[in-house]
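Asker: Read top to bottom, the protein sequences are chains A and B. Quick note, the first sequence lines up with residues 1 to 273 if you use the numbering used here. Quick note, the second sequence lines up with residues 274 to 506 if you use the numbering used here.
Check the hints yourself; a few may be wrong.
To be verified - Which stretches of chain B does chain A cover? Using the computed rule of at least three CB atoms under 8 Å from a CB of chain A, they are:
#, segment
1, 303-315
2, 350-360
3, 383-391
4, 446-459
Rather than coming from a laboratory, the hints here were simulated on the basis of the structure. C-beta atoms are modelled at their ideal positions from N, C-alpha and C, and glycine is treated no differently.
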Amino acid sequence: MDIRKITILGGYDKIGIKEPVEQIDIRPGEMFGVVGPTGSGKSSLISDIEQMAQGDTFSRRRILLDDAVPDYQTRTDPRKKMIAQISQNMSFLADMSVGEFLCLHAKCRGVRDSHVQEVLRLANTLTGEPIKKDYNLTILSGGQSRALMVADVAVISDSPIVLIDEVENAGIRKHEALKALIGNGKIVMVVTHDPVLALMTEKRIVMKNGGMRKIIDTTQDETELLEDLMNIDGLLLQLREKVRKGESFERCGQTQGALMQSLYTKYRSEESA
Amino acid sequence: MKLIVVAGTPGSGKTAVLVHALRILGEAGKNCSVAKVDCLYTDDDKRFSKLGIPVMVGLSKDMCPDHFAIYNLNEMLEWAEENQSDFLILETAGLCHRCAPYSQECLGVCVADATAGPNTPLKLGPFLSTADFVIVTKGDMISQAEREIFREKILEVNPKCAIIEANGLSGQGCAACSEAMMKARDLSNGEDKLRHSAPLAICTLCVGETRIKKEFHRGVLRRIDGFQTYVGE
Ligand SMILES: Nc1nc2c(ncn2[C@@H]2O[C@H](COP(=O)(O)OP(=O)(O)O)[C@@H](O)[C@H]2O)c(=O)[nH]1
Ligand SMILES: [Mg+2]
Ligand SMILES: [Zn+2]
Chain A
1 MDIRKITILG
11 GYDKIGIKEP
21 VEQIDIRPGE
31 MFGVVGPTGS
41 GKSSLISDIE
51 QMAQGDTFSR
61 RRILLDDAVP
71 DYQTRTDPRK
81 KMIAQISQNM
91 SFLADMSVGE
101 FLCLHAKCRG
111 VRDSHVQEVL
121 RLANTLTGEP
131 IKKDYNLTIL
141 SGGQSRALMV
151 ADVAVISDSP
161 IVLIDEVENA
171 GIRKHEALKA
181 LIGNGKIVMV
191 VTHDPVLALM
201 TEKRIVMKNG
211 GMRKIIDTTQ
221 DETELLEDLM
231 NIDGLLLQLR
241 EKVRKGESFE
251 RCGQTQGALM
261 QSLYTKYRSE
271 ESA
Chain B
274 MKLIVVAGTP
284 GSGKTAVLVH
294 ALRILGEAGK
304 NCSVAKVDCL
314 YTDDDKRFSK
324 LGIPVMVGLS
334 KDMCPDHFAI
344 YNLNEMLEWA
354 EENQSDFLIL
364 ETAGLCHRCA
374 PYSQECLGVC
384 VADATAGPNT
394 PLKLGPFLST
404 ADFVIVTKGD
414 MISQAEREIF
424 REKILEVNPK
434 CAIIEANGLS
444 GQGCAACSEA
454 MMKARDLSNG
464 EDKLRHSAPL
474 AICTLCVGET
484 RIKKEFHRGV
494 LRRIDGFQTY
504 VGE
């Protein structure tokens, strides 16, 4: 089933005040960020959407698909599910092997077993620590678990709406992870503190006290900043790789030093202003 | 009156979900009475009382709490009748995986803890397989994929049940639970029966034998290899 838009109708914040943002529409191909301090209600917003709340959660928000209340099947049956979610959980609790788990999940979602190999391949590109089919889920490290969750959602739970709750803290390659998750023409919401991820979105919803406070459109300036940030991020990745390989930084190149210097002078003034 | 019987292993979130669902029923103007049956101790009554709802506690002591609940059901119903309640909600102790405390006419609700692992539904027995509704709790602790697998396993055991994912902490999904309760049918005044017969309990242990050796035991005995005999008159 194709959808043309998802609508979030605002409810109430933690102290019972009506959310200033009354309605948000998101269409295929759009990516929205969700930002705000810890405890501001980011994960609740994501889980309201995942459960397609109908005024029945604490926030009393309502979620519509193509202007209509989704039916029971769409809300619950994983085969019909419109939504794939990467939640904040950093580990698996199920006591079974990686292969067994992926086969079961493929069966739930009604996809072929051949997807299992693809999940493993993708997961192994997202983390440095190898993941094998016969490993038990519960022994996976945080990074391995997150990589497997991301790859599982990208390949097996291939849904038109993707909800991502903080991929950056997981110790995995976040850009690759995001790329695998967002695909083409999907509706994406990403909870993040990371400026690179936040500025990759078109708009970001600012959360406070459990409510959607306002929406910020990503500006032209911010898009330019994003390019610089990507450079810094790339540089950090290179440096991290050097550390990993056990190299030292004596010959840290001129260009890298110059890049840092120029960025520093460019943004320092804004910081202190 | 409607009878709602809520079963599930200890700590699965029965009380947590019920507290939210009862609040919603109260807001809808419904009058509820709650009965809690446990073996030795419970403080669930304090949690329910906070809602200003009449609570009755039954402690089954050395008896199977499900058996105890079943043959005391009439007293509980009469008490709820005196309270002029629209609902009697019975929370069981949920220890026995062989009994199912549901009657034909009640709404049978099983609460299953999603963090207990994907094979748990296969172990829960008749209180899962004969339930009308299954409420899956603690989904907030696991990944979406694990939730989907858990759901699939429940449907393997009980293909006809309706599943509600609820969060006992935030109350998410609990409105759907109260809605299901409101849609439950009213008790007829006829004879109500159990859905699932109580388990085999006709050995000497049932009547107080404490010695362990096989020679002291009479009745229906099943060996560990599955071979079953009757010893006695
Ligand atoms: N994380 C989480 N914890 C829950 C949820 N539901 C219940 N709990 C917790 O699980 C514990 C046991 O819940 P309780 O309602 O007493 O279980 P009962 O013995 O079945 O009545 C309590 O500490 C609850 O706060 C849930 O959906 N998510
Ligand atoms: Mg309880
Ligand atoms: Zn029993």
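Asker: Hints broken by the structure, by number, lowest first?
Answerer: Checked against the structure, the hints that fail are numbers 1 and 2, while the rest are satisfied.
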